[in-house]
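For the record, the sequence lines run as chains A, B, C, D, E and F. The opening position of the first sequence corresponds to residue 270 in the working numbering, with each subsequent residue numbered one higher. The opening position of the second sequence corresponds to residue 270 in the working numbering, with each subsequent residue numbered one higher. The opening position of the third sequence corresponds to residue 270 in the working numbering, with each subsequent residue numbered one higher. The opening position of the fourth sequence corresponds to residue 270 in the working numbering, with each subsequent residue numbered one higher. The opening position of the fifth sequence corresponds to residue 270 in the working numbering, with each subsequent residue numbered one higher. The opening position of the sixth sequence corresponds to residue 270 in the working numbering, with each subsequent residue numbered one higher.
One should not assume that every hint holds.
No copy labels: a pair is met if it fits in one copy or bridges any two.
Said to hold, decoys possible - With a Cα cut of at most 30 Å, we get these calculated BS3-like pairs of lysine-lysine:
no. : residue 1 : residue 2
1   : K272      : K434
2   : K379      : K434
3   : K456      : K272
Just so you know, these hints were derived from the structure itself, not from any lab.
Protein chains: 6
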Amino acid sequence: MAKARAFQEIPSSMAAQMAADGALAVWPAGALEQHGPHLPLGTDALVLDAIIAGCREELGEGFNGLFLPTLCYGKSPEHLNFAGTVSLRAETLLSAANDVVRSLVRHGFKRFVFFNGHGGNAALLQSYAFDLRAEYDVQVYNLDLWGGGFFREIIAEVFPALTMKEVHAASVETALMQYLYPHLVGKVPPRGELKGSDGLRHGWLAEDFSPTGVIGDPSLANAEVGERIYRDAVARACGLLRALAVSE
Amino acid sequence: MAKARAFQEIPSSMAAQMAADGALAVWPAGALEQHGPHLPLGTDALVLDAIIAGCREELGEGFNGLFLPTLCYGKSPEHLNFAGTVSLRAETLLSAANDVVRSLVRHGFKRFVFFNGHGGNAALLQSYAFDLRAEYDVQVYNLDLWGGGFFREIIAEVFPALTMKEVHAASVETALMQYLYPHLVGKVPPRGELKGSDGLRHGWLAEDFSPTGVIGDPSLANAEVGERIYRDAVARACGLLRALAVSE
Amino acid sequence: MAKARAFQEIPSSMAAQMAADGALAVWPAGALEQHGPHLPLGTDALVLDAIIAGCREELGEGFNGLFLPTLCYGKSPEHLNFAGTVSLRAETLLSAANDVVRSLVRHGFKRFVFFNGHGGNAALLQSYAFDLRAEYDVQVYNLDLWGGGFFREIIAEVFPALTMKEVHAASVETALMQYLYPHLVGKVPPRGELKGSDGLRHGWLAEDFSPTGVIGDPSLANAEVGERIYRDAVARACGLLRALAVSE
Amino acid sequence: MAKARAFQEIPSSMAAQMAADGALAVWPAGALEQHGPHLPLGTDALVLDAIIAGCREELGEGFNGLFLPTLCYGKSPEHLNFAGTVSLRAETLLSAANDVVRSLVRHGFKRFVFFNGHGGNAALLQSYAFDLRAEYDVQVYNLDLWGGGFFREIIAEVFPALTMKEVHAASVETALMQYLYPHLVGKVPPRGELKGSDGLRHGWLAEDFSPTGVIGDPSLANAEVGERIYRDAVARACGLLRALAVSE
Amino acid sequence: MAKARAFQEIPSSMAAQMAADGALAVWPAGALEQHGPHLPLGTDALVLDAIIAGCREELGEGFNGLFLPTLCYGKSPEHLNFAGTVSLRAETLLSAANDVVRSLVRHGFKRFVFFNGHGGNAALLQSYAFDLRAEYDVQVYNLDLWGGGFFREIIAEVFPALTMKEVHAASVETALMQYLYPHLVGKVPPRGELKGSDGLRHGWLAEDFSPTGVIGDPSLANAEVGERIYRDAVARACGLLRALAVSE
Amino acid sequence: MAKARAFQEIPSSMAAQMAADGALAVWPAGALEQHGPHLPLGTDALVLDAIIAGCREELGEGFNGLFLPTLCYGKSPEHLNFAGTVSLRAETLLSAANDVVRSLVRHGFKRFVFFNGHGGNAALLQSYAFDLRAEYDVQVYNLDLWGGGFFREIIAEVFPALTMKEVHAASVETALMQYLYPHLVGKVPPRGELKGSDGLRHGWLAEDFSPTGVIGDPSLANAEVGERIYRDAVARACGLLRALAVSE
């Protein structure tokens, strides 16, 4: 069966047809930021793209939705002191989100999913969904890999012994990369003695917690577990996207 | 005992002294937005100001922190179709937050709390705390009344029979207003048959859920319960603020 | 008799009704900035709020107007070198003014008063009133405490011996604070030997004139005079607001 | 004797020398906006340029100051409903002023005069002078033709019978244009019955006062009077500029 | 031999090392816009990515440069009336370019190539290279596929009979896509009778020239020619990049 | 015969009439930037204004177009290290262009020419013409003196021996200034040994090429040649403008 469609791969005429059919427009947002000594800078977008590829296979051509190309840059001020991190300012990311929606509204798209693979984008895009709803009268849903408990169940299943929070470049991300892009994964560092936080959310820098940039314990990861996490993520995302695609 | 200090009430020389002493600068952010047929537009800021007044009493003059005046406007696009709602654009709220921090950094303030009383501000201010940390090398903590489970325990205690989510103008807000500002509270509407949401976060409008603007069930509220919630909120906020004030 | 209404204290439904009745929306703008060694940082907003409280009493419930909550921050670059001053950039203040008007225009409000208690906001808000008129087709009036001679007559009456210009933290402000908030007023400093200006308006810093931040002579102030000034201010503001409320 | 210098007419090396000598940088700002049925759209900039030409003659080469080219566009929302008016948004004009100052600060210029020939620019540029002072540590003076009583004395002298306020396209502007650019002046319209204002400053549109766009009584104007006004303006401006050039 | 490196695929530590070695940072910019009835919306980014993949193979690991992930969105107002086109506003694209450079300057990167695959981005990015040079003291080079005659020689060679200008979705793009992504290419439309332009550059819309969105004659394209164009493009781009990588 | 009209010189009523007649609105953009040791900072705007004056004579009153006043400032980051250069940020210049078009669109103008006399503005204004077309549905043409080969033919004719590229303050500009403004031209410097560029467009600074700020060889210039260039420029610009004025 053919895959669910992507804007990049279809001609304008098919986009017009799908807008008329009330298709979901799915906008993936990643990041380019340090992921510890063992994972590449592009981890967030690479993982997201792999999950989307899996979803497109599973959802198939009949899916009433369309995937936009992934924005491979995100808001990452917390990692800017590590080389290679590129951070969009909050205002730039809001402008880009606005441009995506405003452009497609002209063509009749009315329902959007911001499919976000970077924790640092989540709150901003969740907040802005309200502004876009009010400005353009469109539905904007937030599907966040790192938020809303997306990985909660599978973590409980595959890492029953996990004792640290999975914040950044820890076991879930490491395992996913080991499965999906093993040639890009280096030697997994030991868990560090992380300095404590304060009970309240606050604006941290990665180096507050760890000199390596890893926040959590990556040592439980391996490729087999990565595959399980990956399959769970694809299934879960498909479930959410299918529900939206028929919910109107 | 004298109250914890407020910027509005002290001369510049004392602000200089407190900056030198490493004082916390607490910035309260409210909103002006519809709160159903029974609560006033200013509910968020009024409740926040009452909690801050309680905190200032309880923390006392020895508290190494200072309260900024409340921003009585917030980001409320979800309520803009109800008269009297004033919504700052996301960019305006970010600019204001930036101006507050940038101004006080000049004087040596290094630690900030964004004490937020409006759910619609929370994600944006949480996200921007990271940008401010990276731009000005300051600590920005987010103390959100509507987020992070601030009211979770007291709700379980005072509303054991609660069956709907407390989203907007429901029992907690109603009870707090009945206790704090009874003359501003009208007849409490019955719980409505709320239309369902979609499982994912999304950018909603208040009218998606309820024609009255109430999202939840306000019918459990009364002033005595309001007092219990209020005392719990003051105690909880004081606990968090005290921990920060000594945590450096 | 009940007071003139405030947005913060009424439900959305009453705001809708008053918009339909052509009510004035009054937006008060203050500041948080140094006011010499004897007055608190919040002087501008504190005085403004007291005058508005007096106006609300005097105008009564029959007044066809509504008071918005005070913006307690203003544009104060001239005081930024004194600790505790928070200055909004010009662009931020314009954005906030735009957001207030744009929000309320949706609900049918057509007539606004920018009731400004900080000299540093006056020119900017006066100028922007034209832009708002043209953009939204609304009337925006500027009622400035520090501009347009608001205090001119009462100064001539209560300070006949005044020989210096009342620019900042001088006798009018000191007297008002001594009457309204005596517990927040410190020892009044002597008049300083102020350095001269240049005949033209220019962008000054407070320290150009005085190391204490006082620009003028506060030594004539006392609480009784403060009361006379206050009563005059309330009466004068009520006169202007009443004239607008019936002038359509 | 050679004229006072203009940036447009000197090479970069001379600008460097004058910056080192502490020269004033004078930035003229005009407008392009309707001026009634009888005056051209460029009246503000044309009059300003003529006054500057006169000043450059009178001040001579020894003047320690330099004239920038005139910005022929200003903020004119109040005239936008008359054809040919071009209005810069407030934010655009602030950005341009910022760019001028920021550029020249790099070269050592420290003292600026905003020489403004359009009433609609005055408040904005006066206000922004403070921001520029604080941001770049430069002096910015405001020399406004339409503000600060620049024409007050000469009006009293040449138009003793004047009974209406000189707001726009009235006798002073008409007379100046009749003297300076007689070929651009059409038949002077009679004074109109102007609709009243409200006692407070507010954001008006020209058509509020007059269908012709004239606000005031242009009928007293003639070229001889225009010459007297012009000579007075040149002398007055030279006096102010000379005082600044030596005041450091 | 291993490929030239990509930011997405290396850990932060290697980015730090390459910054220290003076590596080029190559930022690819594409677009999402209509490409006639036969080519997909993502043509610009798809072609660019394929050329970059070829360059990475040919340049090899020894290349002192690093490829950033492709921005798959560009400035495309001229195609906004065709469904599926997403256009970033000029200001958004400038902000993104600024963010990329500003982020990497922190880590020591000093030399950038904006490798642009969309004609509509070219002038803007060329212009902004000057601003970035002046703001951050970095070198920014513009390598534009559609500008500077990149395809001129190969067009002369492979399409000697070409009689129309290659503007959009014509023979070069069609042939490249037929070779690189044949499954995404539909039936090639005949050349249209294009409406004439005006001799001067101007801001056109695609529909000014052609109802199909094709501007030029795609009918000469085939996959073999596409391969020749592709190989030429990779070789040419490698030549330019190698020259830059050693030119310091 | 009377000259072609200028906005500055006509009353609003005539602008209304010409908008109704479909007149072209011509917006000239110059710069204030170093032009070597021998030419004044205002060279770009001075030359442009002289060409426009010539065009207005030649086109005559019957020309269905109107000249706006020249913006004497442009985007010149590449010259900012030379004293007296004033550079508008890219965003400021875009905002100004937007304001000009948006203002005149209200009055019915539909066709614009950006007549640009500064190379550093060209790409930005060419690019933005597309955005303005899409936003306001107006035609924006770019007539650039330094781009599109405007001077190519005359250079071949008058400087057959020219061996260096005419980039900045070289023979064409020098000759034009010698003819048009001889009193503002200093001793022409010898051609310098210019440092090479890199084959690709890039963001340069003037000092990359030459310590004097001259980029090219000004030594071929003289006033007679300047007159020939000037007459050619006027004729060529008139040809282009006339073609546009009748092309609708």
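Right, here's what the structure says about each hint:
1. K272 / K434: For K272 and K434, the Cα distance exceeds 30 Å both inside one copy (35 Å) and across copies (36 Å).
2. K379 / K434: between (37 Å within a copy, 27 Å between copies)
3. K456 / K272: between (35 Å within a copy, 21 Å between copies)
The structure does not agree with numbered hint 1 stated previously, though it agrees with all others.
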